[in-house]
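From first to last, the protein sequence lines are chains A and B.
Numbered per the UniProt record's numbering, the first sequence spans residues 1 to 313.
Numbered per the UniProt record's numbering, the second sequence spans residues 1 to 341.
It is worth saying that the hints were derived from the structure and are not from the lab.
A quick note: this is a predicted structure, and the numbers were derived from the prediction, not measured.
Derived lysine to aspartate or glutamate pairs resembling DMTMM-like cross-links, with alpha carbons at most 25 Å apart:
#1 A:K161 to A:D31
#2 B:K103 to A:D31
#3 A:K161 to B:D102
#4 A:K161 to B:D95
#5 B:K139 to B:E185
#6 B:K139 to B:D163
#7 B:K196 to B:D167
#8 B:K196 to B:D163
Each chain, written out:
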Amino acid sequence: MTALVSRNAWSLGLIGLLLVLVAMTKIIQPDFGLSGLESLSRAALPFAFATAGMAVVVIVGGIDLSVASMMAVCSVTAAVLMPSLGGVAGVLLVLAIGAAMGAINGALIVLTRVPDIVVTLAMLFVWEGTALLILETPGGGVPGWLRQGIGGYFVIPGLPKALLLIAVIVAVIWIPLRRSKSGLAIYATGSHENAAFRSGVVVGRTRVLAYGICGLFCAFGGLSLVSLTGIGEPVPGPYLLASVAAVVLGGVVLGGGRGGLLGPIIAVFVLRIIRTILTLAGVDPNVTTIVEGTVMVAVVMLATVVTYRRVRV
Amino acid sequence: MRNLKMTLTALAMGGAMASSAVAENYTIGVSNTVQGNGWREQMICAMRAQALAEGDVSNLIVSHRNTDSAGQLEDLNNLIAAGVDAIVLNPSNPDALNSAIDKAISQGIVVVAVDAGVSAEGAYILSNNQEEYAYLGAKWLFEQLGGSGDIVYMRGIAGVSADTDRDNGFKRALAENPGINVVHEVFTGWQQDQGKQQMFDFLATGIPFDGVWTSGIDNVIVDAFVESGAPLVPIVGADNAGFVQYLTEVDGLNGAAVTNPGSVGGAGVALAVDVLNGNAPADKLVLVDPVLWENATDQGRATIEAAQNPNLDPEWPVSVTVPGWTDYTMEQIIACEGPGA
Chain A
1 MTALVSRNAW
11 SLGLIGLLLV
21 LVAMTKIIQP
31 DFGLSGLESL
41 SRAALPFAFA
51 TAGMAVVVIV
61 GGIDLSVASM
71 MAVCSVTAAV
81 LMPSLGGVAG
91 VLLVLAIGAA
101 MGAINGALIV
111 LTRVPDIVVT
121 LAMLFVWEGT
131 ALLILETPGG
141 GVPGWLRQGI
151 GGYFVIPGLP
161 KALLLIAVIV
171 AVIWIPLRRS
181 KSGLAIYATG
191 SHENAAFRSG
201 VVVGRTRVLA
211 YGICGLFCAF
221 GGLSLVSLTG
231 IGEPVPGPYL
241 LASVAAVVLG
251 GVVLGGGRGG
261 LLGPIIAVFV
271 LRIIRTILTL
281 AGVDPNVTTI
291 VEGTVMVAVV
301 MLATVVTYRR
311 VRV
Chain B
1 MRNLKMTLTA
11 LAMGGAMASS
21 AVAENYTIGV
31 SNTVQGNGWR
41 EQMICAMRAQ
51 ALAEGDVSNL
61 IVSHRNTDSA
71 GQLEDLNNLI
81 AAGVDAIVLN
91 PSNPDALNSA
101 IDKAISQGIV
111 VVAVDAGVSA
121 EGAYILSNNQ
131 EEYAYLGAKW
141 LFEQLGGSGD
151 IVYMRGIAGV
161 SADTDRDNGF
171 KRALAENPGI
181 NVVHEVFTGW
191 QQDQGKQQMF
201 DFLATGIPFD
211 GVWTSGIDNV
221 IVDAFVESGA
231 PLVPIVGADN
241 AGFVQYLTEV
251 DGLNGAAVTN
261 PGSVGGAGVA
271 LAVDVLNGNA
281 PADKLVLVDP
291 VLWENATDQG
301 RATIEAAQNP
311 NLDPEWPVSV
321 TVPGWTDYTM
331 EQIIACEGPG
341 A
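Build the full structure now, drawing on both the sequences and the hints.
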């Protein structure tokens with residue numbers, strides 16, 4: 001029990017912070033209730049998937065600057081194909097395209113030995129251009145069931161479908177992977193590439209796998225964008241920096257090898273609810289981003305101090 | 001005792017009624033997804049100034065950031081959660097926001113889209129009349145040429161609704177002036193450098209023309225004439241500060257600026273308050289008609305001089321008010337302060 005708590009200390013701390021913030025929201029706006037949590041979950045959808053993808057590549061010791069562009073490619077592809085191809089085939093195809101784009105990013109890094117930050121920066125522009133080629137101006141459409149699939153509650157009121165989707169999709173992809181040999185290889189490569197190599201980890205293949213998983217999560221992110229808006233938008237949204245922020249806030253060490261996906265996903269909700277609170281309080285929009293940044297750095301500093309102390313004791 | 005109670009009740013009721021007659025306490029939410037653009041910043045300041053000028057708006061909550069349609073959905077849902085009475089938004093896309101707009105309308109929130117339309121039923125739309133914008137400028141230009149001559153037609157972006165509407169207005173003026181002939185028609189993409197290069201190319205080909213109509217890429221067209229040493233012809237542009245200044249300063253420039261005010265944002269707030277107070281317009285689509293400022297007559301030059309203000313942000317459109325809609329002063333929009341701040 002204590003081991004479980006101490007292993008998930010960062011995530012538990014974030015859950016505590018999230019509960020405090022929800023309570024704050026309730027104090028500022030007494031009407032805030034289930035419907036508020038439901039729209040918060042929907043707003044979190046694209047951020048959560050972008051963050052999950054980013055977390056996996058950060059754990060393997062890399063970074064992917066093209067997450068928002070890959071999401072844009074997936075969203076326009078879905079919006080263009082679904083009216084003719086139908087929803088299910090469209091979803092499957094988009095997921096395959098996402099995983100392929102991520103794997104291409106990873107393969108380029110492994111094969112060319114150019115630093116990940118440079119390769120994915122270049123791919124940011126490549127995927128951005130690809131999205132514009134597929135759809136020049138916002139448009140297209142998605143079937144109604146996909147739009148309804150993310151709104152409202154699942155069976156019991158109080159369980160937003162969007163929240164359930166995030167939990168189920170991330171768990172189905174991540175938990176089996178993490179417990180497998182490949183998952184161990186991802187952590188090993190992230191914490192010390194040479195040591196991993198000498199222990200028999202196929203480092204190159206592991207990295208391609210991690211970037212492919214990132215692309216797959218980005219495909220879910222792109223699908224959630226079309227489901228939210230009903231159209232495909234070729235210009236990438238603000239998901240790159242937001243995902244890096246949530247990964248850091250979620251306790252994943254930039255540099256790799258440490259952290260999980262639970263922390264970053266909770267961090268997405270923390271960052272979203274901060275925006276809700278600032279809107280409810282009517283704070284000047286230019287001050288909003290300053291507050292968001294300050295909260296982030298304060299939490300990370302505090303958490304680092306706490307973790308450091310515990311390690312020394 | 002009973003009398004005393006009744007008197008108290010009457011007093012309380014009288015007090016309540018009096019206070020509700022004096023001023024309502026509306027909270028208005030604003031949502032915008034382009035930050036750092038002069039036109040949009042003027043729009044936001046006009047919203048704040050108008051909310052301050054309206055006596056019955058006690059609070060204005062502004063969501064103003066660079067984001068996509070999903071982000072605007074988040075902002076709209078947050079404004080709904082904040083319990084606003086009305087939402088004034090500049091929509092990022094006509095179809096993407098309907099889920100939040102429908103939710104707002106079903107909760108009795110008044111929704112006003114400014115600058116561009118939304119397809120959600122029940123939302124009010126208030127925007128500049130783009131067809132009239134083009135017609136007004138083109139008609140003036142054709143009159144300057146005496147009803148006959150060759151002109152260059154520099155449009156915006158193909159497929160954008162504002163460009164399509166302006167094209168309709170331009171074609172209407174063209175139909176009324178059969179002596180006018182379009183020698184070059186081009187899309188500037190509303191890009192300064194692109195429009196300037198296109199004008200350089202037209203001047204270089206040597207095909208003569210007598211006038212230029214632009215869709216707002218205007219001052220760089222004047223630059224292109226001056227830099228290539230070509231004699232100036234009449235030019236029609238928008239009320240961008242740079243072009244309006246040229247109309248007063250550049251020797252030999254005969255031109256006109258047609259207003260396309262970002263202050264429609266202020267008009268949107270005024271419309272929202274009208275609807276909340278039970279004075280809804282008959283039609284859900286409200287168009288604001290532009291006006292034309294020309295420097296060919298003394299009266300026109302005086303109008304331009306009066307409109308200019310050194311304190312105005314040079315990136316802003318020069319027309320800071322929408323006559324018939326906005327009630328704030330120029331000082332108030334420059335101060336850019338809303339109620340409850």
